[in-house]
Amino acid sequence: MVYKNATQTWRRTGKAVALSIGLAALVVPAIAKAEQTLRIAMTASDIPLTTGQPDSGFEGYRFLGYTIYDALINWDLSSADEVSGLTPGLAESWEVDEENPREWTFVLREDVTFHDGSEWNADAAIWNLDKIYDEDSPQFDARQAGNVRGRIPTMDQYEKVDDHTILFTTSEPDAWFPYQLTFLLFSSPAQWEALDGDWDEFARQPSGTGPFKLTRLVPRERAELVPNADYWDEQRIPQVDRVVLIPMPESSSRTSALLSDQVDWIETPAADAIPRMESQGMTITSNPYPHTWPYQFSMLEGSPWRDINVRKAANLAVDREGLQALLGGMMAPAVGTVTPDHPWFGEPEFEIRYDPEEALRLLEESGYGPDNPVQARALISTSGSGQMQPLAMNEYIQQSLAEVGIELEFEVLDWESLFPNWRRGADHQTSRGAHSTNITFAWLDPFNGFYRFMHSSLAPPNGFNWGYVDDPEYDRLLDEARVTFDQEAQDAILAEFHAKMVDDAAWLWVAHDVGPRAMHPRVKGFVQSQNWFQDLTPVYIEE
Amino acid sequence: MSYFLKRILYVIPVTLAVGLFCFSLVHLSPGDPMDAVVSADAPSEVVQMVQRAYGFDRPLPEQFGRWVLRAVQGDLGLSAANGRSVATEVFSALKNTLLLTVAASLIGFTLGCLFGTLAGYWQGSLLDRLVTGLAVGSVSIPHYWLGMLLVIVFSVELNWLPSSGAGPGSSGDWAFEWAYLRHLILPAITLSVIPMGLVTRTVRAVVAEVLANEFVEALRAKGLAGTRVFLHVVKNVAPTALAVMGLELGYLIGGSILVETVFSWPGTGLLLNNAIFQRDLPVLQGTILVLAIFFVMLNLIVDLLQAQLDPRIKRG
Chain A
1 MVYKNATQTW RRTGKAVALS IGLAALVVPA IAKAEQTLRI AMTASDIPLT
51 TGQPDSGFEG YRFLGYTIYD ALINWDLSSA DEVSGLTPGL AESWEVDEEN
101 PREWTFVLRE DVTFHDGSEW NADAAIWNLD KIYDEDSPQF DARQAGNVRG
151 RIPTMDQYEK VDDHTILFTT SEPDAWFPYQ LTFLLFSSPA QWEALDGDWD
201 EFARQPSGTG PFKLTRLVPR ERAELVPNAD YWDEQRIPQV DRVVLIPMPE
251 SSSRTSALLS DQVDWIETPA ADAIPRMESQ GMTITSNPYP HTWPYQFSML
301 EGSPWRDINV RKAANLAVDR EGLQALLGGM MAPAVGTVTP DHPWFGEPEF
351 EIRYDPEEAL RLLEESGYGP DNPVQARALI STSGSGQMQP LAMNEYIQQS
401 LAEVGIELEF EVLDWESLFP NWRRGADHQT SRGAHSTNIT FAWLDPFNGF
451 YRFMHSSLAP PNGFNWGYVD DPEYDRLLDE ARVTFDQEAQ DAILAEFHAK
501 MVDDAAWLWV AHDVGPRAMH PRVKGFVQSQ NWFQDLTPVY IEE
Chain B
1 MSYFLKRILY VIPVTLAVGL FCFSLVHLSP GDPMDAVVSA DAPSEVVQMV
51 QRAYGFDRPL PEQFGRWVLR AVQGDLGLSA ANGRSVATEV FSALKNTLLL
101 TVAASLIGFT LGCLFGTLAG YWQGSLLDRL VTGLAVGSVS IPHYWLGMLL
151 VIVFSVELNW LPSSGAGPGS SGDWAFEWAY LRHLILPAIT LSVIPMGLVT
201 RTVRAVVAEV LANEFVEALR AKGLAGTRVF LHVVKNVAPT ALAVMGLELG
251 YLIGGSILVE TVFSWPGTGL LLNNAIFQRD LPVLQGTILV LAIFFVMLNL
301 IVDLLQAQLD PRIKRG
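Chains A and B, in that order, give the protein sequences.
If you read the first sequence in the numbering used here, its first letter stands for residue 1, the second for the next number, and so on.
If you read the second sequence in the numbering used here, its first letter stands for residue 1, the second for the next number, and so on.
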């Protein structure tokens with residue numbers, strides 16, 4: 001009996017040991033592979049809205065939009081060598097009706113699920129559109145609507161055709177409609193219902209179809225994302241185990257956090273800190289992207305910029321290479337709204353360069369000189385999204401223009417005052433009699449790059465034609481491009497339009513941002529696309 | 001009516017006046033609250049739609065009335081910038097600010113009382129001159145400059161202490177552990193410097209004044225030991241020191257905006273800073289109101305304590 005018990009005991013012990021060894025064999029490698037966490041310091045002061053349509057501008061879309069959610073059409077962010085194009089997202093294909101170019105049919109991708117496991121289909125798409133456009137629908141969310149409706153100006157109607165097809169009708173023929181749909185992101189109706197229709201709760205437990213899932217949200221402090229292992233695009237399943245996003249609006253705080261190893265990646269390091277970071281082995285990445293830093297002129301009575309010679313002189317007076325050196329190389333000189341290698345640049349005759357002698361001659365031709373300088377007033381900001389280093393850059397320009405006889409006086413506003421003024425126009429009291437405004441912008445698509453600034457119908461309060469440009473030729477070309485659905489033909493019209501803009505010296509073009517980022521050398525795999533948005537999925541940590 | 005009851009009742013009109021003042025202040029300042037809610041791209045019908053949803057289309061007196069009614073029920077509305085409950089935002093930030101303030105006060109008040117007493121006792125000595133120099137220096141140093149300097153030395157160069165945040169996780173996980181305490185050290189030291197200087201100067205002056213009184217001579221003449229005399233001096237210095245420390249504590253809670261910004265400390269200072277730049281009026285109003293009420297209550301407690309320590313105040 002005793003022997004039998006002892007045998008049983010030994011057998012049990014043996015089994016337990018074998019089991020333990022087996023478990024250890026499974027567990028130890030998992031432990032040995034340390035969790036890869038990527039910590040990013042954003043420039044935002046808070047965690048952008050996580051319900052679907054992010055706030056905080058394009059940084060919101062970059063980190064809490066395209067990570068958790070998809071659009072019908074996504075940006076292809078895989079290349080660093082060319083300006084990003086569009087790629088199918090939650091729609092597999094789309095086409096415009098040749099008979100009625102106001103109608104767009106979108107075929108939705110099948111076998112896609114939201115993070116909560118519910119199905120993506122036409123009903124989910126229509127539910128999301130009601131969330132934005134139907135004020136009477138229970139899921140209508142004023143905040144999300146406010147963040148996106150302005151980005152899709154021609155959306156008129158939408159309807160379900162079948163379970164995987166939807167039909168959009170635009171208010172007028174609009175070849176740029178697909179670009180606008182990149183801003184419309186889709187949240188899970190099932191998750192919203194499971195959370196009793198509470199968008200605040202949804203913000204804490206969002207569910208989209210994107211490559212990352214949000215697992216933790218601490219307002220103003222951090223958001224944590226983990227990979228969505230079931231993401232429909234297997235090429236874009238994230239490499240890191242966790243991404244921690246930390247709002248850190250002060251550039252000096254971001255720099256210190258990187259140098260003291262509190263974060264692995266910082267957005268927009270201060271230019272003067274870059275040599276220091278490089279000396280400590282940090283990687284600085286940059287790449288030009290569709291961003292322009294200009295002076296947008298007023299064409300109203302009394303503005304000195306109505307004279308083309310003055311506009312051309314200003315463009316010739318600024319030494320952009322000198323400015324580039326001032327910024328530690330972190331800019332690309334701008335000789336138009338788009339970069340010279342872009343299909344929309346065209347072949348302008350007026351060559352924008354640094355030529356102060358020619359600038360002096362042009363001013364003299366218009367009756368200006370040392371005793372009669374041009375007097376101009378400009379609205380500028382102290383900081384702001386995409387504004388780069390506005391004070392240093394504006395002072396440099398002020399000095400450059402003064403050297404050829406253009407006396408520039410600044411009206412300095414904080415960013416939150418300057419930005420809303422954009423839509424109010426040069427004649428609004430908040431413009432303080434200024435003749436130009438200095439607001440940077442994205443030219444991801446022709447509407448946002450050209451139309452909203454240069455078409456006469458978008459003068460305030462309808463759009464951002466701040467300076468009340470009213471040129472029938474600009475209107476004609478833009479209208480034509482908007483209804484030209486053949487891409488090459490459309491590019492040709494836009495190239496003609498842009499060349500005219502440069503020949504007219506319609507604006508003072510100064511710089512394109514290069515989106516500097518600083519990261520610890522252990523961060524690998526990042527491809528900085530020529531876009532405001534970036535893909536975090538290929539990034540990994542190499543210890 | 002007793003002094004205590006009267007003093008407590010005064011709090012009601014003061015709080016209401018503070019509420020009206022902070023509501024008016026943020027509405028009179030330039031900027032449109034809608035700028036925080038909708039992007040500049042939004043067409044005017046969207047702006048109007050959101051305006052209705054947030055109640056910004058109502059007349060100001062009506063907005064104030066609704067705000068006060070909700071505020072007395074503990075509801076400070078929703079943030080215009082992120083749609084979250086202002087009360088939740090403010091109280092979660094206040095908890096972090098209180099933590100920082102208590103730490104800074106402990107450092108500042110302890111050192112201030114110590115240095116002030118030493119300098120007051122040995123007035124005119126080398127020690128006094130050193131302490132006075134230190135006090136003048138500490139009240140003259142800008143907070144944010146000292147903060148950045150400490151970050152450069154202790155975070156960037158030496159890599160001893162973290163430069164930002166309230167801890168390795170979030171402030172909600174805060175625990176009395178080294179991993180979190182090390183985040184507190186630099187901001188607390190930075191914030192403590194000015195109150196330390198002020199308390200040092202005040203205590204030094206009052207100690208010197210009390211020591212010059214005849215009763216101290218009388219106590220000594222009666223043969224009282226030095227420590228007993230010291231206790232009498234402390235009792236006479238306490239009401240003034242307490243008043244200064246109470247005020248400083250209030251200033252620390254409301255005035256840590258620069259330090260919290262430099263160290264990304266998630267308190268009311270950082271909340272206010274962000275709300276100002278985002279034109280987030282509900283958060284601005286709520287934060288200022290809560291801080292003002294805190295300040296009023298702190299003054300009340302200090303007054304009551306002072307009256308308890310010095311009965312002459314009650315008679316006054």
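Treat the hints with care, as some may be off.
As the list claims (entries may be wrong) - If you anchor each label on the Cβ, the simulated ranges turn out as follows:
| id | chain 1 | residue 1 | chain 2 | residue 2 | range |
| --- | --- | --- | --- | --- | --- |
| 1 | B | L231 | A | L391 | 56 to 62 Å |
| 2 | B | P168 | A | R522 | 53 to 59 Å |
| 3 | A | G281 | B | G133 | 53 to 59 Å |
| 4 | A | E351 | B | P168 | 54 to 60 Å |
| 5 | B | L28 | A | D111 | 53 to 59 Å |
| 6 | A | L391 | B | P168 | 34 to 40 Å |
| 7 | A | L391 | B | L69 | 56 to 62 Å |
| 8 | A | T430 | B | L126 | 57 to 63 Å |
As the list claims (entries may be wrong) - Some, not all, of what chain B presents toward chain A, calculated at C-beta under 10 Å:
| id | residue |
| --- | --- |
| 9 | L78 |
| 10 | R129 |
| 11 | V151 |
| 12 | I257 |
| 13 | T261 |
| 14 | S264 |
What the hints assert, rightly or not - Take a look, some chain B residues computed to stay more than 10 Å from chain A by CB distance:
| id | residue |
| --- | --- |
| 15 | C22 |
| 16 | V46 |
| 17 | L118 |
| 18 | Q123 |
| 19 | S125 |
| 20 | L134 |
| 21 | L224 |
| 22 | G226 |
| 23 | L270 |
| 24 | L300 |
Simulated from the structure, these hints should not be mistaken for lab results.
Built from N, CA and C at the ideal position, the CB exists for glycine as well.
These are the hints, each one checked on the structure:
Taking the beta carbon of each, L231 (chain B) and L391 (chain A) are about 58 Å apart, inside 56 to 62 Å as hinted. Checked against the given bound of 53 to 59 Å, the beta carbons of P168 (chain B) and R522 (chain A), roughly 18 Å apart, lie outside it. G281 (chain A) and G133 (chain B) have their C-beta atoms about 41 Å apart, which leaves the hinted 53 to 59 Å range violated. Checked against the given bound of 54 to 60 Å, the beta carbons of E351 (chain A) and P168 (chain B), roughly 55 Å apart, stay inside it.
Remark: the range hint 53 to 59 Å for L28 (chain B) to D111 (chain A) is upheld by a beta-carbon distance near 57 Å. Taking the beta carbon of each, L391 (chain A) and P168 (chain B) are about 36 Å apart, inside 34 to 40 Å as hinted. For the pair L391 (chain A) and L69 (chain B), the supplied restraint of 56 to 62 Å is violated, since their beta-carbon distance comes to about 44 Å. Remark: the range hint 57 to 63 Å for T430 (chain A) to L126 (chain B) is upheld by a beta-carbon distance near 59 Å.
For L78 (chain B), the shortest C-beta to C-beta distance to chain A is roughly 9 Å, which falls under 10 Å, so the interface hint holds. Because the smallest distance between the Cβ of R129 (chain B) and any Cβ of chain A comes to about 35 Å, over 10 Å, the interface hint for this residue is violated. With 10 Å as the threshold, the beta carbon of V151 (chain B) comes within range of chain A, its nearest partner Cβ sitting at about 5 Å, so the hint holds. Taking 10 Å as the C-beta cut-off, the interface hint given for I257 (chain B) is violated, the closest approach to chain A being about 12 Å.
Below 10 Å, beta-carbon pairs count as interface contacts, and T261 (chain B) has one with chain A at about 6 Å; its hint therefore holds. Given hint, S264 (chain B) at the interface with chain A, holds; its Cβ is 5 Å from that chain's nearest Cβ, closer than 10 Å. With a cut of 10 Å on Cβ distances, C22 (chain B) stays outside the contact zone with chain A, its closest approach being about 19 Å. For V46 (chain B), the condition that its CB be more than 10 Å from all CB atoms of chain A is violated, with the nearest at approximately 5 Å.
The non-interface label for L118 (chain B) is consistent with chain A: the shortest C-beta to C-beta separation is roughly 35 Å, beyond 10 Å. With 10 Å as the threshold on Cβ separation, the claim that Q123 (chain B) sits away from chain A holds: the shortest Cβ distance comes to roughly 42 Å. For S125 (chain B), the condition that its CB be more than 10 Å from all CB atoms of chain A holds, with the nearest at approximately 40 Å. The claim that L134 (chain B) lies off the interface holds: its Cβ sits roughly 27 Å from the closest Cβ of chain A, which is beyond the 10 Å cut-off.
With a closest Cβ-Cβ approach of about 54 Å to chain A, L224 (chain B) is found to remain outside the 10 Å limit, as its non-interface label requires. Chain A leaves G226 (chain B) outside its interface by the beta-carbon criterion, the shortest separation being 48 Å against a cut-off of 10 Å. Listed as a non-interface residue, L270 (chain B) fails to keep its Cβ farther than 10 Å from every Cβ of chain A; the least gap is roughly 7 Å. The Cβ of L300 (chain B) sits about 30 Å from the closest Cβ of chain A, beyond the 10 Å cut-off, so the non-interface label holds.
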